[in-house]
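Could you build all of it, start to finish, from the sequences and the hints given here?
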Amino acid sequence: DPKIIQKPKYLVAVTGSEKILICEQYLGHNAMYWYRQSAKKPLEFMFSYSYQKLMDNQTASSRFQPQSSKKNHLDLQITALKPDDSATYFCASSRLGNQDTQYFGPGTRLLVL
Amino acid sequence: GDQVKQSPSALSLQEGTNSALRCNFSIATTTVQWFLQNPRGSLMNLFYLVPGTKENGRLKSTFNSKESYSTLHIRDAQLEDSGTYFCAAHTGANTGKLTFGHGTILRVHP
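First to last, the protein sequences are chains A and B. Numbering-wise (our numbering), the first sequence opens with residue 49 and increments by one. Numbering-wise (our numbering), the second sequence opens with residue -6 and increments by one.
In short, the hints are calculated from the structure, not lab data. Since this is a predicted model, take the numbers as computed values, not measurements. No residue lacks a Cβ here, since even glycine has one placed at the ideal position from N, Cα and C. Certain hints may be false.
Claimed, not checked - Non-contacting residues of chain A with respect to chain B, defined by C-beta distances greater than 12 Å in every case (computed):
hint : residue
1    : Lys55
2    : Glu66
3    : Ala108
What the hints assert, rightly or not - Restricting the straight-line Cα-Cα distance to at most 30 Å, the calculated cross-link-like pairs of lysine-lysine (DSS-like) are:
hint : chain 1 : residue 1 : chain 2 : residue 2
4    : B       : Lys53     : A       : Lys88
5    : A       : Lys89     : B       : Lys53
6    : A       : Lys55     : A       : Lys67
Structure follows, in structure tokens:
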């Protein structure tokens, strides 16, 4: 059974629209993260949450907003979508929110037209 | 410049041969993770390292914090080893942020 679930697997959106990417983890972890992988770029850290509190935000744009309704959920809301937002978005989790081993979900591939 | 530099960027190996991948860090690094991204895009954990060496089957990895590098050795390469290998560094900040290298694309051929 998958331990980190990301939904949807694929997403096509139009420029200017808003989408929410879903992430749930069933590893009993206390920290969750979002990373982005664009073409020809390394995976880039976006956010980290520990016990549902924001620890770090390396995203320049306020169009990206994480939402944590439960300890094992960390969704990512993206508003005013742009073609440059096209990427694969990975959710990850770790037992503790410092330098613990991180485990990654399967990713959501977003294409903005 | 890149804080985590991986080399080589691409590698082609014949089945049964050995090779080594390397990451050099220009940021203070406390722990390292190695991942394999398979052709479907999933990131699989290979190693989590504090300074030292770990081995798992045909894979062996070392993290030398004093000289700021990590290596991943692949022994007796198999077709299923093909994919993109990433190293990622945890720095001293306790925010959980992993800084990734650009990856090494490995193709193992018969």
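So which hints don't hold here, by number, going up?
none
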